[in-house]
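Dock chain D against chain Z, hints included.
Number of protein chains: 2
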Amino acid sequence: MKLADFLSSPFDAGERSGPEDRIVMSSRIRLARNLTGHSFPTWAKKNDRVKALEHIRPAVESLPQLDGAFSSSLDELNSMEKQTLVERHLISREHAAKGAGSGVVFNQDESICVMINEEDHLRMQVLKPGLQLAEAWADVDALDSALEGKLDYAFSDEFGYLTACPTNLGTAIRVSAMLHLPGLVLSEQITQIINSVTKLGHAVRGLYGEGTEAHGHVFQVSNQMTLGESEPQLVERLGKVVQQLIEHEENARATLLESKASTVYDQIGRAYGTLSNAHVVASKEAMNLLSLLRLGVDLEMFNGLDRGVIDELFLFTQPAHLQNQHSGKLGAEERDVLRAKMLRSRLKKVKRPHLPKNA
Amino acid sequence: MKLADFLSSPFDAGERSGPEDRIVMSSRIRLARNLTGHSFPTWAKKNDRVKALEHIRPAVESLPQLDGAFSSSLDELNSMEKQTLVERHLISREHAAKGAGSGVVFNQDESICVMINEEDHLRMQVLKPGLQLAEAWADVDALDSALEGKLDYAFSDEFGYLTACPTNLGTAIRVSAMLHLPGLVLSEQITQIINSVTKLGHAVRGLYGEGTEAHGHVFQVSNQMTLGESEPQLVERLGKVVQQLIEHEENARATLLESKASTVYDQIGRAYGTLSNAHVVASKEAMNLLSLLRLGVDLEMFNGLDRGVIDELFLFTQPAHLQNQHSGKLGAEERDVLRAKMLRSRLKKVKRPHLPKNA
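Top to bottom, those sequences are chains Z and D.
With my numbering, the residue at position 269 of the first sequence is 269, and numbering never jumps.
With my numbering, the residue at position 183 of the second sequence is 183, and numbering never jumps.
Just so you know, these hints were derived from the structure itself, not from any lab.
All C-beta atoms, glycine included, are put in the ideal place defined by N, C-alpha and C.
Just so you know, not all the hints are guaranteed correct.
Chain D is faced by these chain Z residues, among others (derived, beta-carbon under 10 angstroms) [claimed, not checked]:
| # | residue |
| --- | --- |
| 1 | Leu-186 |
| 2 | Ala-261 |
| 3 | Ser-262 |
| 4 | Gly-269 |
| 5 | Tyr-272 |
| 6 | Thr-274 |
| 7 | Leu-275 |
| 8 | Ser-276 |
| 9 | Val-281 |
| 10 | Arg-344 |
| 11 | Arg-352 |
| 12 | Pro-353 |
Simulated pairs of lysine to aspartate or glutamate, DMTMM-like, Cα-Cα distance not exceeding 20 angstroms [claimed, not checked]:
| # | chain 1 | residue 1 | chain 2 | residue 2 |
| --- | --- | --- | --- | --- |
| 13 | Z | Lys-348 | D | Asp-266 |
| 14 | Z | Lys-341 | D | Asp-266 |
| 15 | D | Lys-260 | Z | Glu-334 |
| 16 | Z | Lys-260 | D | Glu-334 |
| 17 | D | Lys-348 | Z | Asp-266 |
| 18 | Z | Lys-284 | D | Asp-266 |
Bound conformation, chain Z alone:
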């Protein structure tokens, strides 16, 4: 199966919607696991990694959850394909740098994905639209149990699941949610909020994980600690933080609309005007303007523009996705022209925003 065929299906807005998706773009839970009898991938020799992959991959492919899944060794993917998977949050940037001896398996709707021989032997994730942390936990727990029946996990009674990096020891779980927080950014409360959330033991990152900037007013919130609490407790605790952030964001939006309505409408209007008429648009600008359009959709300023379309454009305007739509390698400037063309065409039938009904 070719990757292009697997990914070409357009997003179905209905399938990508979930609870609280005005603000929570997605929920994700990732578990790290390692096997006994194999060195951790980071210090294993290439031969050992290839052997481990040959041992793990069939076990993963045989799971009922991954029936009909895409499965590949990373040396079979070219750099553009790898970058595409990074942009879809299916593999990490670090994993994209790997070749023979590492692999990836994910199902048709991309909700379940397993990286083999990234930093750990196994990194399995479940990704769901909107706020569905408990549901994601149930799915990844089932996946983990099914795999545990087929593979011999490295587990210590004292430390729990053993991981390559000690920060993952114990439950080896990362629970995260991707949040769209334009209200907190525009009202300049975001730094303060991030500080509070960080103090509570959670990490806040940009759209593409550790070390990335928060473009498009999108922030990823996740647990830092993996020891001392059970998985359901960690999931519940992050869920509470997310609920608080939703509340803060809703309040920030309400206050902005009371005190600075013109500025909010102005930014949304300009974002729409620019995206639907520009001829050169860089990736970062596209994300920031699409974010404002998403806010406009939340405020019911658009007729016939679905949140799903915007979330799709967030992804399709990324460099590798853009390149995939074009035969022949594009330079950065050509990509900016193509990105603008795609945005103009996609927004052609979207009418100008109007004021919200209660404005």
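Below, chain D alone, put in the same frame as chain Z:
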């Protein structure tokens, strides 16, 4: 007659068009004249100025060219009305600061205007759309001759017409053209061009004359010297400079479209997108974006958008004109909101720009 009634008539695009109006927005000739037996206005006492006005105004009003004209002493106009006349280039900013003892008379289509007791007793101007310097000269010359039959001009065989400021001595003529030069600005040639034109003895200023910035890529070019050449020679010489500037501007546009077409389309598209969707627009931004729209009209990127509409918006988005459309005094922020509303409404039926046919 109330000023508001006089000015309320909307521009008729047809009446405001003229030769070369792609680049030459208007042509203007102004003559300064003083009377014998009256002190120059700048050092006359108030009583003397009132007397001079009473002497001059009936003579001006009685001219056939000014039949049915608007005529007022400046103390009868409030500050908003005066500012409106400044924005229409009918009176200078200096004249707007005057009160009793100064006056203004102009005809219905605003092509002929006489300021009484500005810096000189008489400042008469003829304003024509497009490049019509010879026509403007013919009209202002006829106006001058007609007035000379009614008033006793101060004239010296050695110095020519006497003026309050020695830089106007002699012919006391200012010949000027308002040029739209986005090509030279976008290609960063404008500074060099202005330097050359200045070296040839001409002045280059912004839209609102001496000491004003060039917003909206609009530049006023005029003669500096008033001595040593006849009026027709001065008019012809400025005409040649304008012809050269037209050529440079056309070349700059052609080169831009060859080498940086995407950037040009991008800027025009963004200007349209912003003007038709923003909710807060400052005067300076409006002028700069309208200028890009005007370039887009020249490049035939718009269906159903007339150059006259843009030139009208250039004027109607100025602070006093905007204030005139609203009862109750507006602050600067409220004006920016009203300006944006007016622009959105005016551009509502204008469709998105498309690429030029030969692109």
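Q.
Hint validation: Arg-352/Z versus chain D, beta carbon distance must be below 10 angstroms. Holds or violated?
A. It holds, given that the least Cβ distance between Arg-352/Z and chain D is near 6 angstroms, below 10 angstroms.
Q: Could you grab the alpha-carbon distance between Lys-348/Z and Asp-266/D and see if it respects the 20 angstroms cut-off?
A: It holds: about 16 angstroms lies between the C-alpha atoms, which stays within 20 angstroms.
Q. If you draw a straight line from the CA of Lys-260/Z to the CA of Glu-334/D, is it 20 angstroms or shorter?
A. Answer holds: Lys-260/Z to Glu-334/D is near 12 angstroms, not above 20 angstroms.
Q) Should the hint that Ala-261/Z touches chain D count as held when the rule is a Cβ pair under 10 angstroms? A) holds (8 angstroms)
**Q.** Supplied contact hint for Ser-276/Z, tested at 10 angstroms Cβ to chain D
**A.** holds (6 angstroms)
**Q.** Satisfaction of hint between Asp-266/D and Lys-284/Z, Cα-Cα up to 20 angstroms
**A.** holds (17 angstroms)
Q: Would you check whether Ser-262/Z satisfies its interface hint, that is, whether its CB is within less than 10 angstroms of any CB in chain D?
A: OK, holds: Ser-262/Z within 10 angstroms of chain D, min 5 angstroms.
**Q.** Satisfaction of hint between Glu-334/Z and Lys-260/D, Cα-Cα up to 20 angstroms
**A.** Status holds; Cα separation ~12 angstroms.
Q. Given Tyr-272/Z as an interface hint, is the shortest Cβ-Cβ distance to chain D below 10 angstroms?
A. Result: holds, 6 angstroms to nearest chain D Cβ.
Q) Does the interface hint hold: is Leu-186/Z within less than 10 angstroms of chain D, judged Cβ to Cβ? A) violated (14 angstroms)
Q. Would the stated hint for Thr-274/Z survive a check requiring a Cβ distance to chain D of less than 10 angstroms?
A. holds (5 angstroms)
Q) Are Lys-341/Z and Asp-266/D close enough, with their CA atoms no more than 20 angstroms apart? A) holds (11 angstroms)
In terms of the numbered hints stated before, the structure departs from hint 1 and from no other.
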